[in-house]
Amino acid sequence: MRVIVDRLSKSYRDRSGQDLVALDGIGLTVEPEEFVAILGPSGCGKSTLLNIIAGLLPATSGDVVFEGERRPGQPLTATVFQEFALFPWRTARANVEFGLEELGLPPAERKERSARFIAMTGLEGFESRFPHQLSGGMRQRVGIARALAVDPAVLLMDEPFSALDAQTRTLMMEELLGIWERARTSILYVTHNIQEAVYMADRVVVLSRRPGRVLEVVPVELKRPRHEGQLGESAFLLAAERIWGLIKSQAQAALVEGKS
Amino acid sequence: MAPERVAVRDRAAFLRRADHRLLRVAALAGLLMLWEALTRIGFIPALFLPSPLGVLRELGEMTASGQLMVHVAASLRRLVLGFAAGALAGVIVGIATGFFSRAEAVGQPLIAATFPIPKIALLPLLILWLGIGEPSKVAVIALGVFFPMAINTYAGVREADPLLVRAAVAFGAGRWSVIRKVILPSALPMIFAGLKLGAGTALLLLVAAEMIAADSGIGFLVLHAGNIMDTTKLMVGIVCLSLLGVLSHWMLARFERLAVPWRHT
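Chains as they are written, first to last, in my numbering: chain A, 1 to 260; chain Z, 1001 to 1265.
Just chain Z, with the same shape it has in the complex:
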């Protein structure tokens, strides 16, 4: 038999995934351009879908008149207050139920029982309790953030490496030292996952609450613009909301990189 010479060929080439950065930008730009073109030739009536440039123009005008700022500021205030209160309470309850068996025995069934309630359904009750003003809206957002935070933090605490806990105790750490120096940093990645989850929920509840009972805020703006069939203004509201979502996610990711440096370097 004649000796054979076979060069080895890279058989896994088709599995490698390229980045296609240009394609990513092109897809987004293409969609916007198509949308602009379709509205410009009158294929889609502006009442149904205003053109992207039209929305941009309206955004500029509303910003200049200060009208937009009023709504954005009102929403931002509710969002930040509710998010902070809910996140803080969630982390505290999550750590308590994760670490102390008594707190777990009390807290777990309560959380399991109340977690499935759609939080927006509680808004009327909260309005009865706290009035139609800001506190009820902040409270419904806080409630929505509280549950993912408490559940994620609990899971993060439970996942803390028992070896590290033992090592800390071996070096003289007591209960509070263990919580502060081992449990909390161990749970941080899960806490951040909860924050990101909570940010989405917070935005959802913000808009819902503002649509139900508010005379300011982006949710109100969107609903009101829809009622008077000002689609461009409505779209401005939606753009603001999506920007708010993107921005909060980006900020949390930045914050996470700062707070959890051992995971990223």
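One chain only, chain A, in its complex shape:
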């Protein structure tokens, strides 16, 4: 399905009673099977945007619309969280099956589906472990498997690898691209990391800092399947430089302000 975000705005009232505009007239689309990254400095409301698209937060104005053919019982979105958000009392397999339970699938089908996505995310042999018995990278694999298992129209990822160490993150990025090739789903990927965005996405939506507005949508002209060798290609460097140029001053402002 195609995701259309249309003139979406979100404002909060802060403690002193002032209206704070977090998102201002956001418009973007995610085509079927497309990988779109949303990138912006801290405090640009990218997580807010993702939460609104997931239906976990009401927008102040504007719409999020899903358009196209929807398989019966298919959820519109599934989310991969930055802090994993795995249920500590559930084993890896039971975590993967959570969304399937809520979809009302019979146990046999849950088992079959969870096994498929456990295999796809490289979790075989770890199904019976509890989250605290898994490394950060493995935990996020469970998070990805849990989200993919419900077969969402679009997979939402909220800085999924930012809680991981640098080496694990690099490996997980490649892993995710591989999974995406196999699962053939559309992905909306929120990050503040330019390399990450350019390396993985077809298009990068660059947001400005408070209020969050779309500064520019930067297309990435890198061939697929992608691999680490492309990190030095001129298409990669050009896109990365273009994005850095767009947000550098805003990132500096965020730095001075200290907290997002």
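No lab work stands behind these hints: they were computed from the structure.
Where a beta carbon is used, it is the ideal one built from N, C-alpha and C, also for glycine.
Just so you know, not all the hints are guaranteed correct.
[Stated by the list, open to error] FRET-style restraints, in silico, Cβ to Cβ:
1) Arg70(A) / Leu1247(Z): 56 to 64 Å
2) Ala1155(Z) / Gly27(A): 41 to 49 Å
3) Val21(A) / Arg1175(Z): 27 to 35 Å
Assemble chain Z onto chain A, guided by the hints.
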């Protein structure tokens, strides 16, 4: 200046704590032996404090005659019934007040107002309502267990990680699914803390209720033995009570390990 060679010494050695398992056993055994010795040489009259071996002998005799079982069974029945009823009600009220804002608005002030009442003070009232028989004793225990359970469960529910709740909703969970699959397991550690707290309160109220209005039970046994100055029998009752306390705590700990496996493995 002459070059120096300094080996690093473990300066934190005095902070490390050893287990001293032998010392633990020795302390307990030593106390019992001292007690036995003091009573045997007649330093302490048996009327004030019977010897440990004497208590043990009496315990054996009372068990053999079936006299002890009658009291233990009566107490156990009251304890288990009251504890189960109070714990169940406490968990339900705790979850309701923790999750539903309306239930919180109604329940919080009521609980805050009635919680400080010493429950044993309600026994006469409960006897008036329910009669002098078993229900009033079970009810006073249930009341005593209810409050720590409700308060602990409430705190456990409030402490549930909002991220996990959001994740559950993101995967399609509704209200009841969230309660059953996120709130309840999140609150389990606090619920078990409440159960342990409640077990202590239950034992206290059991003994008090049996001393006030009963003709059976360990509390009655202790009071009655005291009245006829049968100190050995009295001590048997106290030993039973402490065993009951230790046993209930141990069982709850075992049960917790089974119910909350993600915390212990």
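Do the hints match the structure? See the list:
At roughly 58 Å, the beta carbons of Arg70(A) and Leu1247(Z) sit within the given window of 56 to 64 Å. Between Ala1155(Z) and Gly27(A) the beta carbons are some 45 Å apart, a value that agrees with the proposed interval 41 to 49 Å. Between Val21(A) and Arg1175(Z), the C-beta spacing of about 32 Å keeps the proposed range 27 to 35 Å intact.
The structure fails none of the hints (numbered hints given earlier).
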